[in-house]
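Engineer: Sequence:
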Amino acid sequence: MPCCGLLCQYETNKLVRIQSVRLGSLKWSLNAAILLFICLMLLWNRSYQQFDLVVSSVTTKVKGVAQTHLPGVGAVVWDVVDYSGPSQEKNSFFVVTNVIVTKNQKQGKCPEVLVPMKGGLCRSDADCEEGAWNQQSHGIKTGSCLKFDVLKKTCEISAWCPVETRTSPPRPALLAAAENFTVLIKNNIRFPAFHFIRRNILPEMNDGYLRSCQRDKDKLCPIFRLGDVVREAGEKFSDMAIEEELCCRLGAGACISSSPAFERLVLRRPLLEAVLLYRDPLSSPPAERGPTVAALRRCAYGQYVSWRLGVPPDGAHAAIPSCCVARVRSEYPSPDGRYGGFRPGGAASMQACANGEL
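Using full-length UniProt numbering, you'd call the opening residue of the sequence shown number 1 and step up by one each time.
The set of hints was computed from the structure by calculation and includes no laboratory data. What you were told as hints is all true, and nothing was included just to trick you.
Okay, the calculated beta carbon distance ranges per label pair: (1) 203 <-> 35: 43 to 51 Å; (2) 307 <-> 51: 24 to 32 Å; (3) 232 <-> 131: 50 to 58 Å; (4) 35 <-> 318: 41 to 49 Å.
Straight-line Cα separation of at most 27 Å, DSSO-like style, residue types lysine-lysine; simulated pairs: (5) 63 <-> 217; (6) 217 <-> 236; (7) 147 <-> 109; (8) 63 <-> 236; (9) 236 <-> 186; (10) 106 <-> 153; (11) 153 <-> 103.
Computed from a predicted model, the values in this text were never measured in an experiment. Yeah, the Cβ is synthetic: ideal placement off N, Cα and C, and Gly gets one too.
Work out the full structure: start from the sequences and follow the hints.
Structural biologist: Okay, here's the thing in structure tokens:
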């Protein structure tokens, strides 16, 4: 009995092998291109990696003893309790290198020193309001008017007496010996997802090793001499010890904008270009003028903030000294002489400048 057409049919694939160098090369070239593209995307986006937030802690401990000879006081020994205190900035430690000493100072009552403000002098007790205080005074007024010298009277205050009268720090620095102080830096990092922990103090570093190791002879030693740290930063410890403040001053003394570190970390064009390229890998090659100069200028502001302040809190507006702003604008000027304000939160990219976002 004849089979039905659909039931008696059988289908199979037929493989045809073609001997062709051109077609074979094209096939494997396409396969290689697809595989190479996939690998490049994995490497570019780092999709093959698993990420985890780092948990890090840094502890510092300063040690050292110095002796000074003060006129009218004699020999004074300074230890870590006297010259070290809470850090003033993020990722830093604090060491006193210079002080203004007022002899025999104790809490009591004494005439206020002459201050350049309205109402600094008095004629009678009526001119001195009891309990009054302002930002330029050194204590709380008691309500009495006393002789400051032969010709002038000032209000009596309750404060640390005698009141400090010297405003400029001693030169040379009183604690110049701080150059030989040492600081122990302990760093611990941990990646919880990978159960990975590392410390800069290795397990074999016992107390005996830490008491005797020297960084210049052993690169694994976590104890640093302050003078060596400053020298590695390209500065002179004797100059830093007498510097009143890291800002721009009209008087004599080095300004922070003239520091070699400022030139190296803020103004150096290759560094700024590397930062911009890291933030925007697809940016065009640097040009001498135009949007790139504006990007370099804003990147320099960001580098200054990172160098001096670390990472400011969200919403904080980092203050940049006027002389530093002038140096940056001189190095990367605006063609029309007009400048916008610096926006905290990261330097602008070259693409942002090209799009007119600045």
